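From first to last, the protein sequence lines stand for chains R and P.
Here my numbering is used: the first residue of the first sequence is 1, the next is one more, and so on.
Here my numbering is used: the first residue of the second sequence is 114, the next is one more, and so on.
I should point out that these hints are in silico values taken from the structure, not numbers from a laboratory.
As the structure is a prediction and not an experimental result, all values here were calculated from the model.
Heads up, a few of these hints could be off.
Said to hold, decoys possible - With a straight-line cut-off of 35 Å between C-alpha atoms, the simulated DSBU-like cross-links for lysine-lysine are: (1) P:LYS115 to P:LYS192; (2) P:LYS221 to P:LYS192; (3) R:LYS78 to P:LYS115; (4) P:LYS158 to P:LYS221; (5) R:LYS68 to R:LYS78; (6) P:LYS115 to P:LYS155; (7) P:LYS155 to P:LYS221; (8) R:LYS78 to R:LYS24; (9) P:LYS155 to P:LYS192; (10) P:LYS115 to P:LYS221; (11) P:LYS192 to R:LYS68; (12) R:LYS24 to R:LYS68; (13) R:LYS68 to P:LYS221; (14) P:LYS155 to R:LYS68; (15) R:LYS24 to P:LYS158; (16) P:LYS192 to P:LYS158; (17) P:LYS192 to R:LYS78; (18) P:LYS158 to R:LYS68; (19) R:LYS78 to P:LYS221; (20) P:LYS158 to R:LYS78; (21) P:LYS115 to P:LYS158.
To be verified - Rough simulated footprint, nothing fancy, chain P against chain R, three-plus residues with beta-carbon under 8 Å: (22) 14 to 28; (23) 68 to 77.
For every residue, glycine included, the Cβ atom is placed at its ideal position computed from N, Cα and C.
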Amino acid sequence: DAGVIQSPRHEVTEMGQEVTLRCKPISGHNSLFWYRQTMMRGLELLIYFNNNVPIDDSGMPEDRFSAKMPNASFSTLKIQPSEPRDSAVYFCASSLTKDQPQHFGDGTRLSIL
Amino acid sequence: RKEVEQDPGPFNVPEGATVAFNCTYSNSASQSFFWYRQDCRKEPKLLMSVYSSGNEDGRFTAQLNRASQYISLLIRDSKLSDSATYLCVVNNAGNMLTFGGGTRLMVKP
């Protein structure tokens, strides 16, 4: 069975550029989560969707970050404009419901120069 | 107080040792508990759920203490391949899962 699929695996770009991260959740999962992980702050929840609707975006750091889920099989996390402090690993995860175990994608390693 | 707290470690143990991690949580109404494992430069993966009566999966034993609001993970006969970060996960007041900061384990030959 296909797990959560994220793309790209790695992204290196210059500050000020727009970055778009993509995620395909496991089919049939109703909840989708975007996380950011750094050494300093650990795993932080940015936003989560339930049935394609954003439920809690209180973890989104600032207006430069936005996330969408146009359908049940696709979500994007966009950073515009990007800054060096946005460098981190960004994980997407999905679960059957919000309180069930989450399955993570391989992550996107983002480096903003 | 953080919703889910863990000792970050690292725990350095020799091969074959028994090691235990604790995790405390703040929401007394929490009902779902899990342990995840994260290898270096990899994604977190579900290790095991934690049930009220405690549960075992091979060398791994998980226990829940509701009165003191903590869960534990015991690893017996540790292997080099057990070296990883172990994340405690608890559902919060919004009934969503919250991850602890993780405890790093290093098993040495």
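Here is what the structure says about each hint:
1. Under the criterion of a C-alpha separation no larger than 35 Å, the hint pairing P:LYS115 with P:LYS192 is consistent with the structure, at around 31 Å.
2. Taking the CA atoms of P:LYS221 and P:LYS192, the gap is about 8 Å. The hint holds against a cut of 35 Å.
3. Proposed proximity of R:LYS78 and P:LYS115 is supported: the alpha carbons are some 28 Å apart, at most 35 Å.
4. Pair hint P:LYS158 plus P:LYS221 holds up; C-alpha atoms about 22 Å apart against a cutoff of 35 Å.
5. Distance hint between R:LYS68 and R:LYS78 is fulfilled; the C-alpha atoms sit about 9 Å from each other, no more than 35 Å.
6. Taking the CA atoms of P:LYS115 and P:LYS155, the gap is about 25 Å. The hint holds against a cut of 35 Å.
7. For the hint pairing P:LYS155 with P:LYS221, the CA-to-CA distance comes to about 20 Å; that is within 35 Å, so the pair holds.
8. With a C-alpha separation of about 15 Å, the suggested pairing of R:LYS78 with R:LYS24 holds against the 35 Å cut-off.
9. For the hint linking P:LYS155 to P:LYS192, the alpha-carbon distance of about 19 Å falls within 35 Å, and the restraint holds.
10. With a C-alpha separation of about 31 Å, the suggested pair P:LYS115 and P:LYS221 falls inside the 35 Å cut-off, and the hint holds.
11. Straight-line distance between C-alpha atoms of P:LYS192 and R:LYS68 comes to about 42 Å, which puts the hinted pair past the 35 Å bound.
12. Proximity of R:LYS24 to R:LYS68 is assessed by CA-CA distance (about 12 Å); at most 35 Å being required, the pair is judged to hold.
13. For a cut-off of 35 Å, the pair hint linking R:LYS68 to P:LYS221 is broken: about 44 Å separates their Cα positions.
14. Pair hint P:LYS155 plus R:LYS68 holds up; C-alpha atoms about 25 Å apart against a cutoff of 35 Å.
15. Pair hint R:LYS24 plus P:LYS158 holds up; C-alpha atoms about 17 Å apart against a cutoff of 35 Å.
16. A hinted pair counts as satisfied when its Cα atoms are at most 35 Å apart, and P:LYS192 with P:LYS158 qualifies at roughly 18 Å.
17. For the hint linking P:LYS192 to R:LYS78, the alpha-carbon distance of about 41 Å lies beyond 35 Å, and the restraint is violated.
18. Proximity of P:LYS158 to R:LYS68 is assessed by CA-CA distance (about 25 Å); at most 35 Å being required, the pair is judged to hold.
19. At most 35 Å may separate the alpha-carbon atoms for a hinted pair to count; R:LYS78 and P:LYS221 exceed this at roughly 41 Å.
20. As the CA atoms of P:LYS158 and R:LYS78 are separated by approximately 25 Å, the hinted pair is consistent with the 35 Å bound.
21. With a C-alpha separation of about 22 Å, the suggested pair P:LYS115 and P:LYS158 falls inside the 35 Å cut-off, and the hint holds.
22. For a cut-off of 8 Å, the count of residues in the segment 14 to 28 of chain R with a CB near a CB of chain P stands at 0, and the three-residue condition is violated.
23. Residues of the segment 68 to 77 of chain R lying with their CB closer than 8 Å to a CB of chain P number 0, which falls below the three-residue condition for coverage.
Checked against the numbered hints above, the structure breaks hints 11, 13, 17, 19, 22 and 23 and satisfies the rest.
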